[in-house]
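Colleague: The residues making up each chain are set out below.
2 protein chains.
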Amino acid sequence: MNFQDVVMRLERFWAEKGCLIWQPYNVQVGAGTMNPATVLRVLGPEPWNVAYVEPSIRPADGRYGENPNRWQQFYQYQVILKPDPGNPVELYLDSLKALGIDFRQHDIRLVEDNWAAPALGAWGQGWEIWMDGQEITQFTYFQQAGGFDLNPVSVEITYGLERIVMVQQGARAFVDMEWGHGITYVDVLLRSEVEHCVYNFQVANVERLKQMYDLYEAEAKSALEAGVLISAHDYVLKCSHVFNVLDARGAVGVTERARYFARMRDVWCQVAKAYLAQREALGFPLLKHKQVTAVPDVPAIDPARFPQQPARFLLELGVEELPVQDLDGAMEQLRAAVPRMLSAARLGFNDVHIYGTPRRLVVDISAVAPRQPDEERVVKGPPADFAFDKEGQPTRAALGFARGQGIDVSALQKREYEGKNYVVAVKLVPGRSAAQVLAELLPELIGSLKFAKVMRWNASGATFSRAIRWLVALLGDQVVPFACAGVVSGRVTHGLRPLDSPAIEIPGADAYLDVMEAHAIVVDPEKRQQDIRTQVTALAASVGGYTPDDPVLLREVTHLVEWPTPMLGHFAEEFLQLPQEVLIAVMKKHQRYFPVMKDGQLLPYFVTVANGRYEHPEAMRHGYEEVLRARYSDAAFFFKADTGKKLEDFLPRLNTLTFQTRLGSVLDKVSRVEKLVPVLAGMTAAPDSEQQVAVRAAHLCKADLATQMVVELTSLQGTMGAKYATLSGETPAVAEAIYEHYLPRGAGDALPRSIAGTLVGLADRLDSLVGLFAVGLAPTGSADPYGLRRAALGLVQILSEKGISLSLREAFRTAAALLPVSVAESDLLAVQDFVTQRLRGWLLELGYRYDLADATLAERADDPAAALATVRSLSEWASRPEFAALLTAYSRPSRITREYAGEFPLHPEAFTEQAEQDLYQAVLAAQQQRASVEDVDGLMAVLHPLAQPIDRFFAQVFVMVEDRVVRENRLALLQRIAALPKGIVDLTQVLGY
Amino acid sequence: MNFQDVVMRLERFWAEKGCLIWQPYNVQVGAGTMNPATVLRVLGPEPWNVAYVEPSIRPADGRYGENPNRWQQFYQYQVILKPDPGNPVELYLDSLKALGIDFRQHDIRLVEDNWAAPALGAWGQGWEIWMDGQEITQFTYFQQAGGFDLNPVSVEITYGLERIVMVQQGARAFVDMEWGHGITYVDVLLRSEVEHCVYNFQVANVERLKQMYDLYEAEAKSALEAGVLISAHDYVLKCSHVFNVLDARGAVGVTERARYFARMRDVWCQVAKAYLAQREALGFPLLKHKQVTAVPDVPAIDPARFPQQPARFLLELGVEELPVQDLDGAMEQLRAAVPRMLSAARLGFNDVHIYGTPRRLVVDISAVAPRQPDEERVVKGPPADFAFDKEGQPTRAALGFARGQGIDVSALQKREYEGKNYVVAVKLVPGRSAAQVLAELLPELIGSLKFAKVMRWNASGATFSRAIRWLVALLGDQVVPFACAGVVSGRVTHGLRPLDSPAIEIPGADAYLDVMEAHAIVVDPEKRQQDIRTQVTALAASVGGYTPDDPVLLREVTHLVEWPTPMLGHFAEEFLQLPQEVLIAVMKKHQRYFPVMKDGQLLPYFVTVANGRYEHPEAMRHGYEEVLRARYSDAAFFFKADTGKKLEDFLPRLNTLTFQTRLGSVLDKVSRVEKLVPVLAGMTAAPDSEQQVAVRAAHLCKADLATQMVVELTSLQGTMGAKYATLSGETPAVAEAIYEHYLPRGAGDALPRSIAGTLVGLADRLDSLVGLFAVGLAPTGSADPYGLRRAALGLVQILSEKGISLSLREAFRTAAALLPVSVAESDLLAVQDFVTQRLRGWLLELGYRYDLADATLAERADDPAAALATVRSLSEWASRPEFAALLTAYSRPSRITREYAGEFPLHPEAFTEQAEQDLYQAVLAAQQQRASVEDVDGLMAVLHPLAQPIDRFFAQVFVMVEDRVVRENRLALLQRIAALPKGIVDLTQVLGY
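Those protein sequences? They're chains A and B, same order as listed. Residues 12 to 1004 in my numbering are what the first sequence lists, from first letter to last. Residues 12 to 1004 in my numbering are what the second sequence lists, from first letter to last.
Treat the hints as calculated values from the structure; they're not laboratory data. Worth double-checking, as some hints may not be accurate.
Any copy will do: because identical chains look the same in the list, a pair fits if it lies in one copy or spans two.
[Said to hold, decoys possible] Simulated crosslink set (DMTMM-like; lysine to aspartate or glutamate; CA at most 20 angstroms straight-line):
1. K464 <-> E139
2. K301 <-> E189
3. K299 <-> E636
4. K609 <-> D488
5. K813 <-> D699
6. K301 <-> D198
7. K284 <-> D198
8. K28 <-> D16
9. K464 <-> D160
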């Protein structure tokens, strides 16, 4: 089948399934999603089933036609099913079969991929669909668009046509494919691909494109004002395309990018709103095509048919492929929840086993009691002497209570509560059958599972990690009937995807594991994981290598298959010339392949794990290798392009990369960081040699952002900077500092080791924080598009963990002075407060008590290193037995004086009482000692001698006397004590104060 | 079949015919042609067969979804066949059959429509294809693109999908059509159509769109500089779309439009050039798919098989549908050429009949002699005395000559030439058979036919009005074999299109007419015309009406059918509320229907003429009525919109209509015309009342350009202006002047009758001429995008024919003073020269001798009225016997003096001879008389008395004597005579001078 055959076959297939066959849009789009036939039609309640081709333009993906399967233009085949037909994945797989794809020869996999289009205010959940490791389709349950929850949810299926045709034709690259009648992809599209790349990467005029963007946006807005939403939509698409070209051209900085997206989203959300209003005004005309599917009845339970002895229970929740994290999370929750649930329901059980595969969550209980024990339930009524008259006859109160409880008044009993007699109704509630109880509890159990992100899919409105498609619930050999998420439980499960998910009837709970194993499904993840580990190790050994231990990857792969079939693949040795970090990153991140190493060096092999049992895995092995070849070819493309010049030569390009409109280009930022570094070096007393390294590293620290490798694989920023620096002849110290200035990149990441890397990292973060706050881009709510929370956290982590003492206030002021914008005092205060909040969070995360953290931060927030030392020391003190007494002693002078704002003058000569005199002397000594003290230990040493004088003072002296002069003099003395911790901690914040 | 079924069926059909199935372009385009798969791929020698859907955007065609079949967006199905497969029309008709269209129920017609895309430097020849009067397809043989001749020629077939689906579904409007699965066109596209109309007509911001245009153009140019042609192409398409929106918005004046087109063409022609260069550099890779079709052999002639007696001859040239003009033209040429050709070939014949239908040209000769008579051919040899020696023996010269002529030396004869004997070779050349002669002559005959515009279609490189597809050539019952345009003659013709053009074998020339008649083909146009006239008259009478005599329309309809079947149609009476001019114009121009009138008023009927014999014409009658309904609905849409306000209220819109960038808006032009009118009135002594009317008419003269009716039907400019003026309460005189100011609109058109209309028309033309010359837009070569030749011709026609005396020089100067730009003296001279050239052309067209015209223009070009009077009078004089003598008399003094630049002083006292004296006296008298003379008659009266004195002078006086003083005095006298005609005519230009 050639390209056009595939298109025509898909059109016939989906037309027969009731889809409208639509046409590509006549505006350049990045995806078929942006065609109004998708992104507008998914809004609102009307049904809509549509299928169409869409040429999709992603300028940044251009490789001048040199990559086997990555072009800036490719053809999508887009399908929208609204509402969910109940079996969209199976329909999709049928369409592949209609194209002649044989699932016994190809490994088809659904790999979590949650989709979001920030410019459209849209997101959804679903998968990349892989064929032999190659992404051939994007499959998404649309959840939101234009900021609106979608109801019903639409299923979006986006085929990558070329990749499918390539497999069918055994083509090794787009260019080898036949479009039709002997005409190849080279013949029809190669030149245009190459030229579009040249235009997008080299020719497009940044200034003119920005002008176009502004004009489009203005037209979109005036179209919206005139109520003309479709023209507004067209212009948003044009904005989006121009933005993509600017991006490919390298002309959009990180912060500017966020602003562009916000601008597009703003307009487009209005388009969506206008569209919904319009459809509503039209009365949602397509609702007349809505097909109402009856919700199936849940059969009644006949307890007599269920085992009367303890019996094995089996619940299988059949789902579409769960994300790896969600599978783990759900199993963990079930492990805790099932016993809790059964206990709470007073249903006896033993041996709960929880299993899971991507397509099923399994609860296997070796025995569940046939029923609950009977239960005596006592209801308290009126007081006994009020319930019976003097003749012992029941009063109206007793009669009423008995009637209300549905028992005869003669059956009322008396019980004593808190020494007083009451009538009570005692009822024996017979235990219900396990089937009844389970039928009630299981939907709750399922509903109680939590996921980081859930989705809706059908009219039930249920939310779950992925769609629930079947339920098996067997107690012994009987079905426990219940309904959940629009599905009714039964005894039919489904087999492996490669075998067409055959319906499999489970005779009884006991048989389940054997039946599944017989159908090539290993439900126990530990067993799968062990299988994989063993086989992967053996395969690596077969070529003289090993796979480095990588539990995260192993777990992920385990959770991607129901029956693992590891196999060894090879890649061309020429790729070994690329940095190993790149090769491994690509292999693991994109493909979940296990790298094969020998003596710390990568071998040209990998191990991947197919899902299913195969007789002829050659085709899929070839596929796995091909997809890696394409990925590596991409990496090689970048590496070659990047190493064509020195790292320093990338600097001028940074000038076209806007950091933020008012803050200038990334190059401007770099030059500020370069200036800030020596100042910080001075403030932190860094050695001169380190300072020199740091200045050079600062100069180069962002240069890799302009390299193609980093433009493509942002996660390699810093890594590539260091690599390219070394290749450009920089010293190892400079390379190291470049790498380290990004550390820590997130929670749990390492800190910079070198002083130079530390200095550059601090300077970079200080500049971002002060600059972005100054231009009004402080994070709001939970949104933090510029990553300022991470920057602030990094700052405090580095300073505190590395014990670098630095006044943030001074540092911010210095950074502010270098900015091209003026920084208001309020902005500086806001930054400081923001950083303090991160520091507080960090201290809490380190396990310090919040009160001690607050006590510390009240005085030491400006210097995170000091803060950490302080809270550490304070915590130690707080755990000592004597601390309570010290705190109490301190709290009395402090409490009594804290309502007075000013400081009273102290007149020692006016003290009359001995205790006053003594305390005054003690305070004098403390003050003197305090002057040379900076830490908590010292403070405690200062406070300790005061405890007794304070006690005595309060025992013998009444402070709040009538005589104002005397009173204020005493208060003045106490104020001196209260002031002692100032500058170290604020003890008033400590619990127990 | 619903919309998507039709698309899928067409894709299958064309895929099976070897076409690549392509996709719509992702840039808004006005037609599928602009997809690179057409407009680039048609360039160069490579074969290319492709088919695809293309949504086509024509903003100006938007009707807010209210018109039944005209929307600003519709879907084309585009097919390119390169090279011509030989039967493209038949393939196309097969595709319609594949869609289930029954040609016994629907009238399919090919109606001349030559396509040109000025922005692409492209043009082609072909047809609109009509189904029941509705255009459903555009069919073109591409001749040029990007300014390049296309070789091979591509066949372009562009279906209007909606119109085809409408017929199949019996839908009365786009909105009633089903797209698929019960979803209608309303459901999928109506809202977007309405909104795009609102945007294009009301919202689009003119300034921003113009900026977009400039940015696109700049990007296109820099892409071209970088050798990136596809991006340049994309931007040209974007320019084109933005231009179309500006146009729909009414923001582009006539002159600005031309400039936009020129800008787009400039860039796009470079794209085309770059594309060709690129393909060539690639070695034209698709040439490997070229299929070489063998040119059929022409059988040898066996004269023995042909009639040995005079026999009937029949030539039928089978062509694809000829344009009406070309059919007439070809028949006329054949009528002259055939007898001439046969005579020249010495082939006896009688009774030549020439017939024709749209698909055949027929030569029917009742008898052609079986062969040429024999011919004696004499070849002159050497002189006799050189050929034979004294012994009478042949010399080597004679022997050589005889050998050269292939005869024996003894056969040489002697003949006398100019009194001298030569040997000659006398050969009897036997006459050749008629078959041989005809086989040689017929290709020449066909090749000799001339057409206003020809096309190429196949590898033969032949040019003709339309493709030649078969040749029948029969002498008696034998085929005269020859090849022409890649076709070999035979005896097979083809029948009617509605009957699938069946192959029909013609047994012999005698049988031809009967066979054709039997197959429902009337080859004699006079017979068809008579049939039509009779039936149309009868059908009109059947509803009590008549059809006005309209020989042009009758001839056109006659030439559109092979078997006429007139039928009566009806249209809704509500449309009669529209101006009759509009209804008739639409009916005739667009549909070639005969209007039915009664007492000068249109009845709600029409007569149309189908091609073929039909049993069930109901469906097609319905179709004819529907298409008129759509046309009238359009007209009503405009009329309603336009009459919603007064004509004067359209004036402000003229301010957004650029006349020319530097000359301002059309409104600016109008205000200049308003100011110019009173001045011209003064110059031409127009009465005050007319001047007032003229000023008001000038104010309103262009207002209708802003009305929708005129935007759509430009030919109604002036007509609608007058109509709307009347409806707005203007006086009949003003309305009339508005209408008339456009007169004459072209060759043969009427001149304005009223003085007011004349004044406005003159002012308008003066302003255009001077203004456009001043800004450097004078016509160059044959290009005249601003119609300045027509303007100048109108100017001189009006002035001369109406006898309005006006100094053009003064008029131009006055017009120049009103312009917003300064006008250089050289520009004024250039305009004058330009107008003089038009005046000269006009005088020649009126039949005046060029010499007399030049003689006149040398003196009177500034005043066309005077020029016409002068040339008329001069022509009269030139035809009189005495003129030659007068001219001779004048020529002697004039010739002898013309080499002297200055004028010699005259000293009468120095004359010595009597003849001198006499002539001097006569000259004195002539000079005196000349002073009061202004015309040719007067001039002749002045010259007449001088004839004799001049003769005598030259007989008796020798002018060029040695004595300089005497000589110059005589020359001075003669100079006075030579100067006499000055100011009236320049007699030196007259033939015979």
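Colleague: Does each hint hold? Answer for all of them.
Modeller: These are the hints, each one checked on the structure:
1. Taking the closest pair of Cα atoms, K464 and E139 come within 20 angstroms of each other only inside a single copy of the chain (17 angstroms); across copies the shortest separation is 58 angstroms, beyond that limit.
2. Taking the shortest alpha-carbon separations for K301 and E189, only the inter-copy value of 17 angstroms comes in at or below 20 angstroms, while the best intra-copy value is 40 angstroms.
3. Taking CA atoms no more than 20 angstroms apart as the test, K299 paired with E636 passes in neither setting, with 50 angstroms inside one copy and 33 angstroms between copies.
4. Taking the shortest alpha-carbon separations for K609 and D488, neither the intra-copy value of 53 angstroms nor the inter-copy value of 92 angstroms comes in at or below 20 angstroms.
5. Taking CA atoms no more than 20 angstroms apart as the test, K813 paired with D699 passes inside one copy only; the shortest distance there is 19 angstroms, against 101 angstroms between copies.
6. Taking CA atoms no more than 20 angstroms apart as the test, K301 paired with D198 passes between copies only; the shortest distance there is 14 angstroms, against 45 angstroms inside one copy.
7. Proximity of K284 to D198 under the C-alpha cut-off of 20 angstroms is restricted to the inter-copy arrangement: shortest distance 19 angstroms between copies versus 44 angstroms within a copy.
8. Proximity of K28 to D16 under the C-alpha cut-off of 20 angstroms is found in both arrangements, the shortest distances being 18 angstroms within a copy and 14 angstroms between copies.
9. Taking CA atoms no more than 20 angstroms apart as the test, K464 paired with D160 passes inside one copy only; the shortest distance there is 14 angstroms, against 62 angstroms between copies.
Of the numbered hints listed earlier, those contradicted by the structure are 3, 4.
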